[in-house]
Structure formats: structure tokens, C-alpha cells
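Going line by line, the protein sequences match chains R and P.
Letter by letter, the first sequence follows residues 1 to 381 in the working numbering.
Letter by letter, the second sequence follows residues 1001 to 1129 in the working numbering.
Just so you know, these hints were derived from the structure itself, not from any lab.
Incorrect hints may have been included.
Here are the simulated EDC-like cross-link-like pairs (lysine to aspartate or glutamate), alpha carbons at most 20 Å apart as the crow flies [what the hints assert, rightly or not]: (1) Lys1012/P with Glu310/R; (2) Lys1008/P with Glu310/R; (3) Lys1009/P with Glu310/R.
Chain by chain, the residues run as shown.
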Amino acid sequence: MKQIYFDNAASTKTDEKVVEAMMPYFGEKFGNASSVHVKGQEAKHAMENARKVIAKSIGARTHEIIFTSGGTESNNLTLKGLFWQNFPEKNHIITTKIEHDCILNTCKWLEKQGAKITYLDVDSEGFVDLEQLRNSITDKTIVVSVIHGNNEIGTIQDLEMIGKVCREKNVLFHTDACQSYTKTFLDVKTQNLDLVTLNSHKIHGPKGVGTLYIRDGINLTPLFHGGGHERKIRSGTENVSGIVGFAKAVEIADKRDVEKMAGMRDRLIEGILKIENTKLNGAQGDKRLCNNINVSFNNIEGEAVGGYLEQKGFCTSTGSACASHSLETSHVLKSIGLTPVQGNSSIRVSISKFTTNEEVDYFLEVLPSIVNKLRRISPLR
Amino acid sequence: MNTQTYSKKLLKHFRNPKFVKKVRNPDAIGEVGNLKCGDVMRMQIKVADGKIKDIGFQTFGCPAAVASSDMVCELAKGKTLEEAKKFTNDDVVKELGGMPLVKIHCSVLGIQALRKAIEDYERKNRSKS
Ligand SMILES: Cc1ncc(COP(=O)(O)O)c(C=O)c1O
Ligand SMILES: [Zn+2]
Chain R
1 MKQIYFDNAA STKTDEKVVE AMMPYFGEKF GNASSVHVKG QEAKHAMENA
51 RKVIAKSIGA RTHEIIFTSG GTESNNLTLK GLFWQNFPEK NHIITTKIEH
101 DCILNTCKWL EKQGAKITYL DVDSEGFVDL EQLRNSITDK TIVVSVIHGN
151 NEIGTIQDLE MIGKVCREKN VLFHTDACQS YTKTFLDVKT QNLDLVTLNS
201 HKIHGPKGVG TLYIRDGINL TPLFHGGGHE RKIRSGTENV SGIVGFAKAV
251 EIADKRDVEK MAGMRDRLIE GILKIENTKL NGAQGDKRLC NNINVSFNNI
301 EGEAVGGYLE QKGFCTSTGS ACASHSLETS HVLKSIGLTP VQGNSSIRVS
351 ISKFTTNEEV DYFLEVLPSI VNKLRRISPL R
Chain P
1001 MNTQTYSKKL LKHFRNPKFV KKVRNPDAIG EVGNLKCGDV MRMQIKVADG
1051 KIKDIGFQTF GCPAAVASSD MVCELAKGKT LEEAKKFTND DVVKELGGMP
1101 LVKIHCSVLG IQALRKAIED YERKNRSKS
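Chain R extracted, bound-state conformation (with noise of 0.2 Å):
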């Protein structure tokens, strides 16, 4: 049978021109970026021609981007470096109730360091209140941390406006754009952004690698300490075929297949509404990520959808407390206000440049009968 892959905000397929940039760093060019010799300065001049790449991405100057070994990593790195560097003068860090667990899970883990943190509520649509950012901003905040476009709903933040909030009030902003980069506009300078998240495995790129941006003059307390590698803010030998993949998966990154999945998204979006009694999560058009789609279906579970769905090959997510290491419905979809059954009954495709036309197709024929079949399955009415 058939694979199609709808999961591409788990990961992405690994683009064939990114495997051919890498190769010749498993091979040849071996060499320690740090090593002084030739084979070291081959690898050191792929690895800065990287960084120029992503920085220039961003809007940003080429020392300003510290390889890591991914969104997780960055993120991690921005919130405990910014804390142990201001603690205990300050203590305060404020965030969203719609972040990914490796942004939640830290400050979780802060609050037990004597941190105090903000979550900021969303509206239906997943949206940051202003006034609630601004009311909740004290003497002792350190950083604002958004996620730009969120991995389950697709909602895309205005991180303009929430910038501005955050330069008048004088705190730092962070964003987690793993999801949006390339899919969407992001500028560190028009932005105002401080630190900004990257990985590389969403945009077609290899796994492991990701990128922090730290604006000029922001110091924060390293989580790695040892040979001082990356201006001494992320010591250990730099991936540097990766890196190299990465900063390829960015420059093929193209405007035009942003529109196409656009198109492919929304074309999704309407043939799954037509089904009765479902609802779109997050938000609609320019402030949704090209390649998102999320639903609930009433009175069925997600990952009971899912198993169907991947019987006809399909590979999607759910948002089920069921499919869930925790067995907890998403916070996410919790926090836009589903109820719990609402959120157990939610499915999330996302798509990517390679889905074809046929593909959506085939995905429409196919659901209906899915879930008819499951609510007859089902006791709820």
C-alpha cells in the first residue's frame, strides 16, 4: 500500500538535495570545525557559510546564530540560560499556555529553582491577549517567551505587536519558530526578537540540529560547559554535516510551495468541514501555517480516526489523551476551550511540499465513510 505522509509537523522528509549536501561531511570532509589544520578549516568554512545563510534568513548578523542540536535544545538554552544569568535579581519569565512541552516542561522545572512564571492564556483561535502580556510584565521579568506558529493548531502569532509590548516594557522576547520558519515572515529586527528557536528536521532538513539566535549584548549561562565552542555558549564539537543539511534545507526553502500547500490546506480544510458536526481549531487564512490542518469530529476519538486513516495509508496525529504519553487531553486544545471529548476527538494533518493533489483528494474520499463508521462505533450522540 501506498504511504502518505501527513505528519510533516512531526517531522519532514529529509529533502534529496539536503542528503547530497551532507554527504561529502560523513566522507572527506570529516574534519573538526575547531581544528586549525586543513581538514578542520574545510569544516570550519562550510559551518560559517551555514551560519551566514540562517542568519540572513532571520534578519540577522552571522555571529548572532549559536548551533545546537535542536528546537529542544534552544529552547531549553534560552530559558535556563536567561535564568541562571539573572537570578535571583530576577526571577520572572512569562509564556504561553500553548507552547511545546520542551518550553513547558523547563519552566516547570524552573519554577522548582525559585522561578516564577506567567502562563498567558489564548483566546478561541489561539491568540496571546495584548493587555494580559502587558499587565503581566514586573520589575522582574526576564524574558517573554511566544511560540510563533503552533505545532497543533497552526496559529501564527503576531510577534510584531507582542514585540513592541515587550521593547517598550524593556524585557527580552523569545520565539519558538519551528514550525513557521520559512513557512511564513519572521525578522528579528522589524519583530524585535531577542532569541529566536530553529530547527532543521521540519523544513526538510536532518534531525539533531537547530539553531538559537541571541541578539548582540544578551548574555546568557551556558548549559554545556567545555571546550567553548560557539562563542563559548554551546561547548561540544559542532555537528557539522547537519548544519551544512540545515542550512541547504533553508536555502531551497521556496515562496511558491508555501502558496501551493496554502491552497492544498485550505482545500483540505473545507472538504473535512463539509462532514457533519466538525470544527476547525486554531485560526483561518494568513494567520495559520500553510501546512496545518486540525479538526474534531463529535462523539469519535482521534487516534481511533488515526488507525482507520493509516489502514488507507495515511499518517496522521491526534490530539487524544489516549495517543498521549501523559494520557492527558492536549493543553493546547485545552486552552483554546475544547472540552476534553472535543479535544480526544481531534486529528492533525499537516502537510508539505511533496503532498500532491491526489493525495488531498484521495484523503476527502476516504474520510467520510471513516467517520461514519465511527460514530455508529461510538455510544455518544
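Given chain R, work out where chain P with the ligands should sit, using these hints.
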């Protein structure tokens, strides 16, 4: 036994459950689960001569919950109430060829619903006599 993925047999029961139905004039009903933590299951039985003559379920739940409901019905059908009471969830999981360990808590609903239906039956019939 499988403790990581859904077995072929489990998927078969999930994809083509044989016992999804409302039993006509059921003698007893067992309903378990709660919407907050996820799965909800309703099992109906018809009893004659102390045996489960007919049984059917409806489930709001994941593949493990649906398949377990179906398996419980398969095991219980035709058995005496005393026999049916002795089934455990281990029997169900074993019959399904195993499942991911995190899914065991979903599968227990099947047995719980059956026991509740039997209790319901016994309560009703005690009060009759
Ligand atoms: C919004 C968001 N932040 C962070 C991460 C974690 O990134 P990584 O898998 O590179 O650690 C992900 C994806 O897993 C994500 O979607
Ligand atoms: Zn379950």
C-alpha cells in the same frame, strides 16, 4: 507477547469489529469510562438459561478500546454468567496478541463493562425474585 505495537489480530478487531450493535431488548447494560480521561464503553447483554445469549457494544475510544470491547464480546458470548465473570483483562490482552503497555488501561474497560452488565443483570433479577 507484543508490548510495543498493535498486533495484527488487534487491528483486525479494531477495523472490523463483529459485535458493534445495540442488543434488542437487552436484559442488562454496563457502562464504564469517563469522557474526561478518554474512552467510554457501553455493553449490552441478553441472558437466557443463565447464559449470555447475545452481546453487543458501543465504544468511544482508541483502537485498543474498540478491539478489547469486541474481544470481550467474543469471549463472553454463549458462556454462563459464572464463566463470564471469571474472564480477566489478561485473557483479553492475550487473545488480542498483546498491545502497547500504555494501552492496557484502555483495554480494561471491556472487562469492566461486561462485569457491570452482569452485576446489573443480577441486581435486577434479585429484586424480581
Ligand atoms: C514548536 C516546536 N518546538 C520545538 C520542537 C522540538 O524540536 P526538536 O525536535 O528539534 O528538539 C518542535 C518539534 O518537535 C516543535 O514543533
Ligand atoms: Zn484508549
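Which numbered hints are broken by the structure, listed smallest first? The structure breaks none of the hints.
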